[in-house]
Amino acid sequence: SQQGEEDPQALSIQEGENATMNCSYKTSINNLQWYRQNSGRGLVHLILIRSNEREKHSGRLRVTLDTSKKSSSLLITASRAADTASYFCATDDSSASKIIFGSGTRLSIRP
Amino acid sequence: DTAVSQTPKYLVTQMGNDKSIKCEQNLGHDTMYWYKQDSKKFLKIMFSYNNKELIINETVPNRFSPKSPDKAHLNLHINSLELGDSAVYFCASSQANTEAFFGQGTRLTVV
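Which chain is which? The protein sequence lines are A and B, in order. Position 71 (the first sequence) corresponds to 71 in the numbering used here; numbering is contiguous. Position 81 (the second sequence) corresponds to 81 in the numbering used here; numbering is contiguous.
Careful, some of the hints might be misleading.
As the list claims (entries may be wrong) - Restricting the straight-line Cα-Cα distance to at most 20 Å, the calculated cross-link-like pairs of lysine to aspartate or glutamate (EDC-like) are:
(1) B:Lys40 <-> A:Glu5
(2) A:Lys56 <-> B:Glu99
(3) B:Lys52 <-> A:Asp93
(4) B:Lys41 <-> A:Glu5
(5) B:Lys40 <-> A:Asp7
(6) B:Lys44 <-> A:Glu5
(7) B:Lys36 <-> A:Asp83
(8) A:Lys69 <-> A:Asp93
(9) B:Lys41 <-> A:Asp83
(10) B:Lys44 <-> A:Asp83
(11) B:Lys52 <-> B:Asp85
(12) B:Lys71 <-> B:Asp38
(13) B:Lys41 <-> A:Asp7
(14) B:Lys36 <-> A:Glu5
(15) B:Lys44 <-> B:Asp70
(16) A:Lys26 <-> A:Asp66
(17) B:Lys44 <-> A:Asp66
(18) A:Lys26 <-> B:Glu24
To be clear, the hints were calculated from the coordinates, so they are not data collected in a lab. Since this is a predicted model, take the numbers as computed values, not measurements.
Build the full structure now, drawing on both the sequences and the hints.
Structural data, given as structure tokens:
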């Protein structure tokens with residue numbers, strides 16, 4: 001089964017608005033990562049947050065992590081048309097060498 | 001230089017055939033992965049290789065076999081292809097469950 005579940009599955013917003021995506025996971029983790037996938041392309045790493053961190057920023061990206069609720073959120077501020085993509089959260093399985101991905105959120109930015 | 005490269009990019013083949021997808025990484029990472037992305041865009045881990053040893057073998061059919069001639073390569077062999085094997089297959093590598101780098105994917109179509 002998928003480790004992470006993302007919410008919403010699809011999100012459509014106006015250019016310039018902020019986009020928030022959520023991720024929930026099931027097991028203990030060492031870190032949580034967010035990736036982006038443009039249509040027909042491979043995944044690209046965006047940001048990694050460790051289990052002892054609560055918030056992290058990278059440019060227009062802001063990630064939060066709540067290990068007590070086993071959840072994370074990705075906020076993209078001042079969205080642009082080029083942000084249109086699918087976004088995946090991923091968690092490491094600390095008991096084995098594997099990175100497990102959530103189901104993804106498809107983000108569409110309307111001009 | 002491409003960090004993770006996989007070939008071919010597209011593969012169309014008939015049911016029952018045997019095919020291979022190659023993957024190479026030049027990042028010096030110790031862990032490589034194969035993922036399958038289905039039509040609903042779910043990304044499911046298939047295999048994880050760490051220092052040439054299979055760490056995880058998810059519940060995939062034994063028609064799928066990973067082969068790693070060395071630390072920089074993890075090839076995927078598929079025997080007796082079935083219609084349900086049609087998907088996009090991604091190779092990735094990482095260092096100890098941190099940021100994973102993905103190849104561009106191989107779109108496999110079984111007819």
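Going through the hints against the structure:
At roughly 14 Å between alpha-carbon atoms, Lys40 (chain B) and Glu5 (chain A) fall within 20 Å of each other, so this suggested pair holds. Taking the CA atoms of Lys56 (chain A) and Glu99 (chain B), the gap is near 15 Å; set against the 20 Å cutoff, the hint holds. Simply put, Lys52 (chain B) and Asp93 (chain A) have alpha-carbon atoms about 19 Å apart, close enough for the 20 Å limit, and the pair holds. Pair hint Lys41 (chain B) plus Glu5 (chain A) holds up; C-alpha atoms about 13 Å apart against a cutoff of 20 Å.
The straight-line distance between the Cα atoms of Lys40 (chain B) and Asp7 (chain A) is roughly 15 Å, inside the 20 Å bound, and the hint therefore holds. For the hint pairing Lys44 (chain B) with Glu5 (chain A), the CA-to-CA distance comes to about 13 Å; that is within 20 Å, so the pair holds. The suggested pairing of Lys36 (chain B) with Asp83 (chain A) is violated, with an alpha-carbon distance near 24 Å, which exceeds 20 Å. Under the criterion of a C-alpha separation no larger than 20 Å, the hint pairing Lys69 (chain A) with Asp93 (chain A) is consistent with the structure, at around 17 Å.
The suggested pairing of Lys41 (chain B) with Asp83 (chain A) holds, with an alpha-carbon distance near 18 Å, which does not exceed 20 Å. For the proposed pair Lys44 (chain B) and Asp83 (chain A), the alpha carbon gap of about 24 Å is over 20 Å, so the pair is violated. In summary, the hint linking Lys52 (chain B) to Asp85 (chain B) is not supported, as the alpha carbons are separated by about 25 Å, beyond the 20 Å threshold. With a C-alpha separation of about 27 Å, the suggested pair Lys71 (chain B) and Asp38 (chain B) falls outside the 20 Å cut-off, and the hint is violated.
Taking the CA atoms of Lys41 (chain B) and Asp7 (chain A), the gap is near 15 Å; set against the 20 Å cutoff, the hint holds. Between Lys36 (chain B) and Glu5 (chain A) the CA atoms are separated by roughly 17 Å; this keeps the pair inside 20 Å, and the hint holds. A distance of roughly 24 Å separates the Cα atoms of Lys44 (chain B) and Asp70 (chain B); the hinted pair therefore is violated under the 20 Å criterion. At roughly 12 Å between alpha-carbon atoms, Lys26 (chain A) and Asp66 (chain A) fall within 20 Å of each other, so this suggested pair holds.
Under the criterion of a C-alpha separation no larger than 20 Å, the hint pairing Lys44 (chain B) with Asp66 (chain A) is inconsistent with the structure, at around 24 Å. Taking the CA atoms of Lys26 (chain A) and Glu24 (chain B), the gap is about 32 Å. The hint is violated against a cut of 20 Å.
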